[in-house]
Every structure is written in C-alpha cells, then in structure tokens.
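Asker: Just so you know, the protein sequences line up as chains G and P, in that order.
Residue 1 is where the first sequence starts when you use UniProt numbering, and the numbers rise one by one after that.
Residue 1 is where the second sequence starts when you use UniProt numbering, and the numbers rise one by one after that.
Be aware that a few hints might be false.
Copies of the same chain are indistinguishable here, so a pair counts whether it falls within one copy or spans any two.
What the hints assert, rightly or not - Here are the simulated DMTMM-like pairs of lysine to aspartate or glutamate, each with C-alpha atoms no more than 20 Å apart in a straight line:
| no. | residue 1 | residue 2 |
| --- | --- | --- |
| 1 | Lys-157 | Asp-135 |
| 2 | Lys-102 | Glu-113 |
| 3 | Lys-88 | Glu-68 |
| 4 | Lys-31 | Asp-160 |
| 5 | Lys-157 | Asp-146 |
| 6 | Lys-88 | Asp-71 |
| 7 | Lys-42 | Asp-160 |
| 8 | Lys-157 | Asp-32 |
| 9 | Lys-149 | Glu-56 |
| 10 | Lys-149 | Asp-53 |
| 11 | Lys-42 | Glu-6 |
| 12 | Lys-149 | Glu-55 |
Since the hints were derived computationally from the structure, they do not count as laboratory data.
These figures come from a predicted structure and were not determined experimentally.
What follows is the residue order along each chain.
Protein chains: 2
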Amino acid sequence: MNFQGEQHPGIAPSAPQTQGFRLNHTMLRAKDPERSLAFYSKVFGMQVLRRLDFEEMQFSLYFLANLEAGDQVPEDIQARTAWTFSQKGLLELTHNWGTEDKDEFAYHDGNAEPQGFGHICFSVPDLAAAQAWFDEHEVTFVKRADQGKMQDVIFVKDPDGYWIEVIQADLMAAMGN
Amino acid sequence: MNFQGEQHPGIAPSAPQTQGFRLNHTMLRAKDPERSLAFYSKVFGMQVLRRLDFEEMQFSLYFLANLEAGDQVPEDIQARTAWTFSQKGLLELTHNWGTEDKDEFAYHDGNAEPQGFGHICFSVPDLAAAQAWFDEHEVTFVKRADQGKMQDVIFVKDPDGYWIEVIQADLMAAMGN
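Based on the provided sequences and hints, a complete structural model is requested.
Answerer: As structure tokens, then:
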C-alpha cells in the first residue's frame, strides 16, 4: 500500500508481534447508567453486550456495541463475554454506585481544562437524517453540520457532557485537500 | 438473541434510524506526535491511515488503525479518507502545534481528578506474549496481568499518561461469573 510510504513523525512498520491487536473499547465513566444507557441505546442504537457488577468494589461496567447484520452474538454468557472482548469499536461505561444520587456530582469532559480526552466519534450513513434524529430526541448540540469551520461535522453531548462527533464517511473524502 | 432480554436500566431497542451507526474513533490529544506515533506504531502495531493538517488553526490530526488481513485500504487519498471514516475502532491523535516544545506541558489522563475518560483497550491474541513485548519496549505499567483484583488484565500508559487496558478475549470469558 503506497500510503504507508507517506512520512509521519516517528512511525514504524507494524511488527508481527502486534498481529491481531485490535482497539476493543473506550471507557467513559457515567454518573447515571439509566440516563446514559437510554441515551446510547435510543439515540445511537447501541445495545448492552455484557454487564459486569463488582459488588466488593461497588461499580458496574456496561459494554455497548452497534450490532450489525452478520454479527453472531453468542447467547451463552461466557461465549458472549469472550466475543465481546474480541470486537472493535465498543463503548464501556463505568458506573460507580451512588453517583447518580449526588446532585453536584459531575464527570469531566476532557475539553474544558485540564484537557486530555477529546471525543468519541460515530460514523453514520446519512448525516442530515442523523441531525434530524438528534433534534427529535432533543440532544444537546456543540455544533451542527453547517456551523463552524468544519462543515459536515456534527458534535453533540452525551448525558455526562462528553463530546460525540458524528460524521458521514463519503462527505469527509475531500477533508484536508 | 436471548441476551437482549436481559434487564438493563434505561435500555431501549435499536431504532431503524440508527442502522449503520458505528463507533469510528476515539480522540486523544497528544503532546508530541513523534513520541506518540512511535509508541502506537511500534508497541501496538497501528498505522496512520490519514493525516490532516490545519494550518489556520495550528493543529494536526492523525487517524490510526490496526490493519488486518482482508482490509482493502484505498491508495487514492480521497477514497482512503472516506474508507477511514467508515471503519470501527480507530484512534485519532490531535496535535496542537508547539506543545512538544513546552517542558511543563502535559495532558490530563482522566483518572486523576477531575475524573471522566478512563482508558482505551486493546484486545490481543496472547496476553503473556503482549506483556513480554511491552517489557521489551520498556512500556510503563499501571498493573501487570498478575497484579491487583482483576487477574489477566494489563494496564499500561501511553506517552501522555493515558491508560491503555490490554486483554485476551478468551481469558475474559469467566469475568463476572
């Protein structure tokens, strides 16, 4: 592939020892699982593949995925757990028990200071339809597709205030050219 | 799929309007792209699918993926850009120009206060081999596979201090049971 000849600072070829490495998930802490699971399932179509409760440490983990035609999710719980951890592009929400009852409690979005994490991004088949869908669900926008310097890029907020970018792949083709 | 009958707070069925939604990438800010690209390419086998430079706004974006057998990455830059934004499980690194020259500059990992983002997670075929590979590259561990309450789970740090979980899918099968 020619593009691997492009110059990037520091980049090295992929070693055979890294074969099969895949970016399985991104973990965000969520104040209120009911609120967040409603949001990610209703608005972004994600489903819970696996929930893990840790009684001793007082937290629960929810692993969410956008299931696609052809995905063979095992019903057996152990097989499903292994399947979950072999996928790409999952979202893990961590719920530390009790945070939902604390009025002032809030997580940090990473875009206000101190900065670090920026956002997660969903690719969608139809950006205009997605924007109408977000309006229908009264989702909070950071920017709409026609606002700001980056046209055809939407940013919304999840219930904890984390930023979610939304793009349509073919509309991004000319980006940076 | 029976497991969708499991009860989770707030969860709703996936609406047809969300069909084709996919978690494309997670964005983290990186202080020094040379350092981070060397790390993610050498240690985690990622390659740069697309680099976007924004002269006016003084930043660059790097979209990284673990390429797999069967991935047909287009050589044409516009086709490749569209392909990049249709994938799952990518990492986007944002470099705000000049941060690498500021000695005291550091990004926030989300695990120290104020908390929010937790980690990204790679699934690997062989956890023991991965741990040896990280040692070979003098990667900083948060915890090794045999440390702490979560056995068979590794956490390392990337060059900015972001946490990276590393798991082997079949070793996770009994988790939570």
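Asker: I want to check one pair: Lys-31 and Asp-160. Are their C-alpha atoms no more than 20 Å apart within a copy, between two copies, both, or neither?
Answerer: For Lys-31 and Asp-160, the Cα distance is within 20 Å only inside one copy (7 Å; across copies 26 Å).
Asker: When no copy is specified for Lys-42 and Glu-6, does a C-alpha distance of 20 Å or less occur within a copy, between copies, both, or neither?
Answerer: This pair counts as between: shortest inter-copy Cα distance 17 Å, intra-copy 41 Å.
Asker: Is it within, between, both or neither when you check Lys-102 against Glu-113 at 20 Å Cα-Cα?
Answerer: between (23 Å within a copy, 17 Å between copies)
Asker: Pop the pair Lys-42 and Asp-160 into one bin, within, between, both or neither, using alpha-carbon distances up to 20 Å.
Answerer: within (16 Å within a copy, 34 Å between copies)
Asker: Can you tell me if Lys-88 and Glu-68 fall within 20 Å by alpha carbon in one copy, between copies, both or neither?
Answerer: both (12 Å within a copy, 12 Å between copies)
Asker: Could you figure out if Lys-149 and Asp-53 sit no more than 20 Å apart (CA to CA) within one copy, between two copies, both or neither?
Answerer: between (43 Å within a copy, 14 Å between copies)
Asker: Cα distance capped at 20 Å. Does Lys-157 pair with Asp-135 within a copy, between copies, both, or neither?
Answerer: within (12 Å within a copy, 38 Å between copies)
Asker: At most 20 Å between C-alpha atoms: does Lys-88 with Asp-71 qualify within a copy, between copies, both, or neither?
Answerer: both (12 Å within a copy, 14 Å between copies)
Asker: Have a look at Lys-157 and Asp-32 and pick one of within, between, both or neither, based on CA distance no larger than 20 Å.
Answerer: within (15 Å within a copy, 28 Å between copies)
Asker: Treating 20 Å as the Cα threshold, decide for Lys-157 and Asp-146: within, between, both or neither.
Answerer: The answer is within: 17 Å in one copy meets 20 Å, while 37 Å across copies does not.
Asker: Is it within a copy, between copies, both, or neither that the alpha carbon of Lys-149 lies no farther than 20 Å from that of Glu-55?
Answerer: between (47 Å within a copy, 13 Å between copies)
Asker: Is the C-alpha distance from Lys-149 to Glu-56 at most 20 Å within one copy, between copies, in both cases, or in neither?
Answerer: For Lys-149 and Glu-56, the Cα distance is within 20 Å only across copies (10 Å; inside one copy 48 Å).
Comparing the model with each numbered hint stated earlier shows that all of them hold.
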